[in-house]
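*Asks:* Sequence lines, in order, name chains Z and U.
Take the first sequence: its position 66, counted from the start at 1, is 65 in numbering that gives the first Met the number 0, and no numbers get skipped.
Take the second sequence: its position 110, counted from the start at 1, is 109 in numbering that gives the first Met the number 0, and no numbers get skipped.
The set of hints was computed from the structure by calculation and includes no laboratory data.
All residues carry an ideal CB built from backbone N, CA and C; glycine is no exception.
Among these hints, one or two may not hold up.
[Claimed, not checked] From the derived model, a few chain Z residues whose C-beta atoms are all more than 10 angstroms from chain U:
1) G18
2) N20
3) D27
4) D33
5) D55
6) R80
7) A84
8) I87
9) Q90
10) I106
11) P110
12) A116
13) T120
14) T145
15) E168
16) R171
[Unchecked claim] For the chain Z half of the interface with chain U, some residues (derived, Cβ under 10 angstroms), not all of them:
17) E2
18) D107
19) R108
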Amino acid sequence: MRELSLHILDIAENGIVAGGNCIWIEVDEARKKDQFKIRVRDNGSGIPMEKLENIDNPFITSRATRSFGLGLSLLSAAAKRCDGALRIDTQSGKGTEVEAIFRYHHIDRAPLGDMAATITTLIIGNPEIDFIYSHRTDDKDFSLDTRQIRAEMEKLSRSDPGSLQRLSETIRSSLKTLTTNESMS
Amino acid sequence: MMVKDLVDEFDLELTAGESGLDRKVTDGYCGDLLSEIMSNAPRGCAWMTVQGHQNIVAVAVQREMAAIIITGGQTPDVETIKKADQKGIPILLWPNSSFRLAGHLFSLGIGTRAAE
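The shape of chain U in the complex, shown without the other chains (with noise of 0.2 angstroms):
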């Protein structure tokens, strides 16, 4: 599954890194704390998370992750979605839970296969 697919399927808005919509979406993470996030994201993840600063573009690049989602109706700051328009990270808004868009993810297969 792409990102573009996901944009698709939970009509998430579109807001940076449009030329990141074909990147593959093999996992999933949520989570706040960057630090932890920087050492337990698996590659190629969507990450959902309520940060909005810049620093969420240099975790994603860094995890080489397939997108960032910003859940419960936060908005990214005006500087990162310059960066993410610059890495070509896609970033998505969901205006529910980080909880509730996951089970959806992986009730599409998101992740199962990533755990075996």
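Bound-form chain Z, shown alone (with noise of 0.2 angstroms):
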């Protein structure tokens, strides 16, 4: 995929087909460290053994019940290509947490891409479920809990259309303060 958020969005809706209601999802961008992590975590059904075991090999997916699919094989190549790694832990009946490690500086690493648009996207797709979202770069961070504004996003939506389009501008431009702030230090 081109941009990680791709790679989030398709994470965050394995959990989602996995039946959680709570999505938490973590970017941290720690490039002192040359480090770019990305952990999904749900409350889902979690991923059963046999299929964990397998989770490297594309052709062996879950798409009857979609508890994973082919995305994680695909994250994971794309991690151990940039000197990263996989890491899933899951659990029956409790949920998944997936993490994937990227080398910041790594050449083959993919640009994040708009998360903005994915968390929006996330928000308007799954009006029922929570999204908890937190964003960190070496030294600054942000964060957005559905649980916190659902009731004014709810009267929002209802009477006013474009106010989702202007909670992604908000975390659009939020996010811009991380980024350009970090690369003028």
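Put the two chains together into one complex, using the hints given.
*Replies:* See the structure below:
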């Protein structure tokens, strides 16, 4: 995939399909440590052990149940190509945590892409699911928790269709502050 | 053949690096894995890729490429355009696949002499 945000969207959707009603998404751009970390956690049904053993094999997917799909093997390959790794922690009935680590400055590390659009897409497409998104750079962070803005969001989206567009803009400008200040230091 | 001849011949859209339009195109290369391109792309090539982030300009400069052609309807990031303008590396857009354009370039004789 051209952008890591597409992987994030993919894994978050896996979590939703696995029955989770809350998805945690973390992006950590530790430039000084030369490490780029993505973590997606859900409280869904978990990935069965036999599937987990074959996570690097794209020919074994669980399309039928879609507890995970082709995406994890692609993400694993992308992370390894960039001197990183994929770690999956899953517990039956409790949920799954997927962590992908890349070397930040590796030439083959895809750019993150449009996280504002990704998060907004998830929120709009899954109004019944909570999303907790946090994004860190070396010394700054941004977070968004739909549990805190839910009531307001529901009111707004019913009366004002443009409100979600504005949410996207808010996320986008906050993230811009994170990365702009960062590159000046 | 110069980059601007390619632009005219295939109606490519020029998005950046206008000052490099008179660079000479002597070869072609296709690929999206930047580490591989950095090792293998020939000097003076027109490079066809779907990547759009600013690293492509650094790779093009390092390999002394003639131009970058972003294929498949993809587009470059804003930073990529800025870097390409600074470095005078033309970035051209082609809506179809790299394979199709590479075939056209090859039939024009680009890269055939370099292979001898």
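*Asks:* Where does the structure disagree with the numbered hints, that is, which hint numbers, in rising order?
*Replies:* 6, 10, 11
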